[in-house]
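Number of protein chains: 6
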Amino acid sequence: MSPIRKRGRVTTGIPGLDSMLGGGLVEGSAVLISGAPGVGKTTLGLQYLVSGAKQEEPGLLVTFEEFPATLVRDARSLGWDLRALEGEGKLRLLFTSPEVFLKSLQALDSPLSETIRSMAPRRAVLDSVAHFHRLTADPIELRHIYNTLVNGLKREGMTSLFLDEATRLLGAPYRTVGALPFLVDTILLMRYVELDSAMQRAIAILKMRGSAHAREIRRFSIGQHGIEIGEPFSGREGILSGSAHRVA
Amino acid sequence: MSPIRKRGRVTTGIPGLDSMLGGGLVEGSAVLISGAPGVGKTTLGLQYLVSGAKQEEPGLLVTFEEFPATLVRDARSLGWDLRALEGEGKLRLLFTSPEVFLKSLQALDSPLSETIRSMAPRRAVLDSVAHFHRLTADPIELRHIYNTLVNGLKREGMTSLFLDEATRLLGAPYRTVGALPFLVDTILLMRYVELDSAMQRAIAILKMRGSAHAREIRRFSIGQHGIEIGEPFSGREGILSGSAHRVA
Amino acid sequence: MSPIRKRGRVTTGIPGLDSMLGGGLVEGSAVLISGAPGVGKTTLGLQYLVSGAKQEEPGLLVTFEEFPATLVRDARSLGWDLRALEGEGKLRLLFTSPEVFLKSLQALDSPLSETIRSMAPRRAVLDSVAHFHRLTADPIELRHIYNTLVNGLKREGMTSLFLDEATRLLGAPYRTVGALPFLVDTILLMRYVELDSAMQRAIAILKMRGSAHAREIRRFSIGQHGIEIGEPFSGREGILSGSAHRVA
Amino acid sequence: MSPIRKRGRVTTGIPGLDSMLGGGLVEGSAVLISGAPGVGKTTLGLQYLVSGAKQEEPGLLVTFEEFPATLVRDARSLGWDLRALEGEGKLRLLFTSPEVFLKSLQALDSPLSETIRSMAPRRAVLDSVAHFHRLTADPIELRHIYNTLVNGLKREGMTSLFLDEATRLLGAPYRTVGALPFLVDTILLMRYVELDSAMQRAIAILKMRGSAHAREIRRFSIGQHGIEIGEPFSGREGILSGSAHRVA
Amino acid sequence: MSPIRKRGRVTTGIPGLDSMLGGGLVEGSAVLISGAPGVGKTTLGLQYLVSGAKQEEPGLLVTFEEFPATLVRDARSLGWDLRALEGEGKLRLLFTSPEVFLKSLQALDSPLSETIRSMAPRRAVLDSVAHFHRLTADPIELRHIYNTLVNGLKREGMTSLFLDEATRLLGAPYRTVGALPFLVDTILLMRYVELDSAMQRAIAILKMRGSAHAREIRRFSIGQHGIEIGEPFSGREGILSGSAHRVA
Amino acid sequence: MSPIRKRGRVTTGIPGLDSMLGGGLVEGSAVLISGAPGVGKTTLGLQYLVSGAKQEEPGLLVTFEEFPATLVRDARSLGWDLRALEGEGKLRLLFTSPEVFLKSLQALDSPLSETIRSMAPRRAVLDSVAHFHRLTADPIELRHIYNTLVNGLKREGMTSLFLDEATRLLGAPYRTVGALPFLVDTILLMRYVELDSAMQRAIAILKMRGSAHAREIRRFSIGQHGIEIGEPFSGREGILSGSAHRVA
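Residue numbers (the numbering used here), protein chains in the order written: chain G, 1 to 248; chain A, 249 to 496; chain P, 497 to 744; chain U, 745 to 992; chain B, 993 to 1240; chain S, 1241 to 1488.
Treat the hints with caution; some may be incorrect.
As the list claims (entries may be wrong) - List time: in silico EDC-like cross-link candidates among lysine to aspartate or glutamate, alpha-carbon distance up to 16 Å:
| no. | chain 1 | residue 1 | chain 2 | residue 2 |
| --- | --- | --- | --- | --- |
| 1 | U | Lys847 | U | Asp818 |
| 2 | U | Lys898 | P | Asp570 |
| 3 | G | Lys154 | S | Asp1314 |
Hints are computed from structural coordinates only; laboratory data are not their basis. Here the structure is a predicted model, which means the values were calculated and not measured.
Okay, chain G solo, but in the shape it has when bound:
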């Protein structure tokens, strides 16, 4: 077992979010990011990796479905040149299957493992864990799979984001699917909320092991340079239900 040492912080590349997190993610932690389609999970993940690349913390982006080309293009529209970062060895876009990735964490001498190790990534983003939900219908086996993922990435020293697809477009009070929310160290909720007859976005930290963190629910938007954290909501109730109302 790894020796216990003072754990540093890992910046997310989003100053407002680092602030909510009490200074950034805890180094080596596993982070679940739950959100509906389009709310900004992937943008957050890219911003996290690009930020790492700038600080000599190489990162790994694992996708199971979306061709890296799409990500490369979307990132470009936000001013991020993923291919250039790849060329500099600061980023690795990995397009694989859940099974292969899982095995690479179990068999440390697999080609994929060695490729990953040669780069010594400090950050990882998995987009998305939904593909692991689908590997088995047996909750015990699934729990085992998640354990392998979470512990495998920790063992390699990575601070990793697990992007999770919320099945409801609006509203937060979702049921935990499988054991992942219990296994990770931190949970971020990204939510759409109907407010003032418009679609807004809300972010909140639900769980964060080993750190104080902000409790307020904040607005966020996706601007020209990625995610920007806005003001906390105020005078509203039921934000995480997806349909907020003013305090009477």
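Position chains A, P, U, B and S against the provided structure of chain G, taking the given hints into account.
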């Protein structure tokens, strides 16, 4: 993989909607349009194709159930002569089965593929994706089918609308069915809402990759010349729940 | 395919409803009427047929369960003599099974088909489509059945009402059962609503292809001469939820 | 088929309810009475039969589970001597199985049928139809069973009450179970409602073929002589949801 | 069948509850007590038995899971010495299986039956009926089991309490599980309710055959000597939903 | 069976919670702690064990999934040195499987049993019981398993905490899963609640056998030295629903 280039905008034929979309749909994107029966999905799709035809952007309307004749008639009542546009090679009404259409995207030399290619369509409307939901009960296979659809149409350079049947007549907080909402670039919600003791229609953009977009929920109506976007709602909460209430 | 011609209007026999419909039903359209038991679906259907008989538009009432005698008696209490209309060849009460009726639409030379044709009905009421729901558990096959029904009646030139049994006694936000709501041209909702500590009835047009229509939700009652449309509701929210409340 | 004649009214023995029903139940009709345990369905049924017995309209009480002795005792506490009425031939307490009762309606020369006929009952109470729900899991077969019940009792000239067990202790917006609500002529709802921090009882007529009827929801109580209808509720919303609130 | 006689009242040992019940439980009746874990069902049952023991009405406490020792200890903390009452023949703690207990009610000469009879208990508490829910998945067989229980205890002349485990920690609008609510004479609801930001307890009588009873929902607490009935709630709505609110 | 004796109190290490519990947990009791991921269940459990260690009450922490190393590290961030306490024989971190632990409670001479006994723990924490939920799909067998757990730990004289994973991130009105809530002596709810547009934490005692306890719902936070109980909520309704609102 296709080279990355500056992506233009594709007008929807509905000025208010183009404006909400920050100038139109992103060229080459896949757009999910979710709505209850009769709310106006098909009208939006026709308006999109007719608008394209006027700009020398040929379009393809794929239906799996409704005879083109019905569409032709409905379009005529809105002043659109689909048969004439077909005659001019600016529109193609394709009545086929989900299986055949899917195969045409996989086997590039199939008769259907060649027919489609000879016309070089820039726009596509699939009415509706519900027929693909029903091809398999296996979520992994379904995800694969959706991938084939989305990527196949992109590969051919089309900006495509996927019409999706919402199973509730009223109210929005629907669960995502399958992976399609995660695969598309843009999601539009079209909803009935009971407001002031009347049935109103609401439209909102939930997700739009690679573009800023309006966040407000707007009224819309179907007038003599198709869909017209109205004012944003104001002073209401819970519009997307299907039963709005005034702000207390 | 039938030639496209200017489509007329078909009166429902209920002036207030014709007015809501922008002048009546669209000729040749298929209309879904959704309502809880007792709310007045059959009364509306009878009123429609009696009204047609007076205008030399013969009608067909297809029941699958209720003996025509019951309908004849109920109609008499509203002043309508169905047997007399049958004698004059202006109405035909058909008591059959869903399977036989379906086949008559498929095999144009079946005895039933010929009987129907000899009368040349312009209007049809099916009471109720619930019997078709039960023919198969396969949604694709059911969709096919509904297509056969809707298109078969259109082919014969009838403007037809499909009475559909809502499974909740109160409240509207029902899920669409099968594909029928997507296949029909028009959807009318008839609903019970608790209002002012009493059971009221509400009617609204949800969908109407090829026509403008009223958006308001109106009261209706069943009086001595059938359905009478009342005032629109006002100052209420949540009518279609079954339990309206005053605007705060 | 029976000749059509002017249909009289059958008093329920509860003046307030007769008044709500526009003069009583329609002669020969089938009435569904839906209520939670203890709300008063059986009391209403007994009161109906005792009232008939006093007017020389013999009645049949069919139970499938509760021994007649329990009913006899409960009735005595309300001042009704069922055994005496049985002795006078004005009432028959029949304790049987759903299967046997159903067959007696199908085979007109069965011993039970003949016994019933010799008494020539004008009224019937079935306590409860839940026992028929359980005869089959096939909705088509169940619909057939209900048809046999409803039509069999009508054929014998009885005005019959079908007591139906609501599965929720509080609240009304129940889903119709099977086709019975569509087959009967009249539906009465008996409901518990929490009001002013107390358990109240509410009654409403939802459906009544061939008659005008009261629309208001009224209080009722079970007093020394059975059910007594009270005032309509007023200034409340959501009574049938089981948890009423004052109008704001 | 037992002769009908004037039925007395059986005190529950809780004066406020006897008062709500119009003088106590009806002698020989079957009473269902529904409540969430910890709300006080067993305490009510013990109090009922201890009260009986003091009035020379021996009682039987049947448990299927909890060792009598636990009950003995819990009772002691409330000042009740169950072992002493057992020694005096005024109480019998019976730890058995549902199957054995059921058979003892069917085979009157079984060892258990004879043991029970020799003591001639007038009161019984079954803790809990959940164990009978689990004997079979067949609702008809379960209904038969409940009939055997209810009628068997009545036949032996006992006034019996059936403790039922509500599956929701908060809130009342529970669905009836099986037929038991219809078979018993009386239903008491014991509920947790969040009120004024605290966990309160509420009790209400839903059903009571053959007796007038209080309709109000009252507070109760568990004090040093068991359950004490408090004031009725007032100025609240939705108490039985588990989350009351002030009347606006 | 163990002789009945005056039962003492066991401090939780959290003064505010001891106060809510009327002086601490009842000695030898089984306590269910229900909470969403990250709300603080494990922190409470560690605090309980560390507090015991300081008072010469050795404790046992049983985990089934999370490596003790993680706990050790998390505890260190709160100032607790678990390894040191293990070295002093005041704490035992046991990483095992549910099956093995269960058997150790059944077979008193198993190696694990003997190891446990040699330490004579007075306190136990099981993190979490979810692993027992998954041992069987048969509710009767599961009830038996829970009985074995609860009674086995009682028999060994331990006051034990059962950490239970609530499947909803927000909101309390959860359904009891299996029989455990009925078998334990005490139930604590730990909940997230959205309040004033922020994520707050709430704690309440739902059930506590053999003791008076606080009824109010209190805030709590996780500070530098573990859980700290804050003020009761006031002027709010619906706290345990997860989305509180101000009293109107």
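Here is what the structure says about each hint:
1. About 29 Å separates the Cα atoms of U/Lys847 and U/Asp818, which puts this hinted pair outside 16 Å; it is violated.
2. As the CA atoms of U/Lys898 and P/Asp570 are separated by approximately 15 Å, the hinted pair is consistent with the 16 Å bound.
3. Pair hint G/Lys154 plus S/Asp1314 holds up; C-alpha atoms about 15 Å apart against a cutoff of 16 Å.
The structure fails hint 1 only (numbered hints given earlier).
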